[in-house]
Amino acid sequence: MTNTPEYRMAKTAKLMIDILPDKCDFCGCCVGVCPEDAIELKEAEIFIIDERCTNCSKCVWSCPIEVIKFNKEGVVKR
Amino acid sequence: MKRYYDVVVVGGGPAGSMAARYAAELGVSVLILEKDRDIGYPVRCGEAVSRKGVEEFIEPDEKWIASHITKFSMNAPDGTEVVLPLPEEGFVLERRVFDYELAKSAANAGAEILTRAYVNGLLFDGDAVSGVKFDYRGEQHEVEADVIIAADGVESRVGRWAGIKTHVDFRDMESCVQYTISGIDVDPNTIYFHFGSNAAPQGYLWVFSKGNTSANVGLGVSGLVGKKKSALQFLEEFMERHYPNAAILTSIAGGVPCSVTLERISAPGIILVGDAARQVNPLSGGGIASGMIGGSIGGRIAAESIKKGKPQHLLTYDKEWMDRLGKRHETFDRIKNGIYNFSDEKFNSIAYSFSKVPNDKRSLGNLFKTALIHNPGLLIDVARVFI
Ligand SMILES: Cc1cc2nc3c(=O)[nH]c(=O)nc-3n(C[C@H](O)[C@H](O)[C@H](O)COP(=O)(O)OP(=O)(O)OC[C@H]3O[C@@H](n4cnc5c(N)ncnc54)[C@H](O)[C@@H]3O)c2cc1C
Ligand code: SF4
Ligand code: SF4
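Chains as they are written, first to last, in numbering that gives the first Met the number 0: chain D, 0 to 77; chain L, 0 to 386.
What the hints contain is simulated information worked out from the structure, not anything from laboratory work. For clarity, every value in this text was computed on a predicted model and none was experimentally measured. All clues stand as given, with none of them false.
Derived DSS-like pairs (lysine-lysine); straight-line CA-CA distance at most 30 Å:
1) L:K51 - L:K326
2) L:K1 - D:K41
3) L:K228 - D:K68
4) L:K103 - D:K41
5) D:K22 - L:K227
6) D:K68 - L:K227
7) L:K164 - L:K326
8) L:K226 - D:K41
9) D:K41 - L:K228
10) D:K22 - L:K132
So that you can see chain D by itself, here it is in the shape it has in the complex:
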């Protein structure tokens, strides 16, 4: 069976938000502003909890080093 990627679709916003884990400093700033508790952050691991994220963009605006971006196409589920 081939592995077709599953996409995370926007519920409320047209643009999807996406974290680029390789660029992340794991500082927690985005977690502190997320109204939905939709970001999981360990010592050196970060991902979005798809079921909770509303694509409100607050984490994008707060990330100091531009690790969270908008993505028009929809985001591959991790």
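Given the coordinates of chain D, work out where chain L with the ligands should sit on it, guided by the hints.
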């Protein structure tokens, strides 16, 4: 590790260590769970603190003091600099060592510490929190406790799991980047602040010397600013203008919650301390000293409630914190909102007016007075702070 402790503290920063120590000193059993492999590392901090802010908790020791601060330098957008003596000495810390010492003092009081222990859920007994779930080296564990102290820093997820609304409005979150650079020529006894739309709008840029021609150079901007331009871009531009050739030894990101304290910082079986409770001074962004104060109050009240067998006693923590610092922070928050709206011209004219003040008459109070002449509306709030 046991299956039950009187108190479990989540997070081994200054607030968590002080909570653990003050609880353990009253004779209850305490466990600290820290997700990182090292206490005190990575350092996401400018590391400036007043002597008074730390000496209540730990005897000042040169091994965690990078430099002694006696002067404050304000730099306006047009380059006007005013320098004034500080009313009391401050330190730029070596937080890697400092946080370690605080954790050791908790351990000496009897607390146990586990690093690489990532807390990922709470246990409940009815409505009350009764323990935590955590991942330790890839295996899931549970530990029960009478009181959980959430000292999990800016993320503050533990409190959310107990039903407390802990997230910060993105406008109040200072989005920060900092470089520790070497090979620069700054006065080791002065802390430098830069204001204005070029350096760090709705925030400030700092240069804190770490001695030996190295310094923490960092800045914070509100999420509202970050929407258009990231903190990183502001810092890169500043470096280009001021220190194009400096070697960057460390670079870190971070968030400082610059708001008033959460509406609620306790619930049955749990209290929140430090950044997790949003106990940072919202005007300065300083959270080391206030976090230790929050932690010490929280740790003591947790132990008292256990020893008295009165779980409701825990809920007195909110009032004690508000009386000690929380109410002051509400005033600081209003002042911050006033200063946030200062234009570059206003910063320039404050610095210019102040540069006319003779050296021996320069003080923080006089600088404030000069700022007030430019914005009389702030007067009432400032008066509240000092009276
Ligand atoms: C860039 C920057 C500059 C700053 N400059 C200054 C300054 O100059 N002066 C000043 O006074 N303050 C400054 N601050 C603020 C100061 O660093 C914080 O207020 C202070 O560290 C708060 O202490 P704390 O114990 O509450 O939280 P922290 O020190 O953040 O500790 C929280 C701990 O909890 C751990 N943790 C989080 N989640 C979990 C979990 N689920 N399980 C287990 N462990 C967990 C974290 O790993 C961390 O070790 C600055 C902050 C930043 C970001
Ligand atoms: S977009 Fe909003 S809900 Fe989704 S992770 Fe970011 S802050 Fe949380
Ligand atoms: S704010 Fe940015 S750098 Fe910090 S943890 Fe979130 S994504 Fe990573």
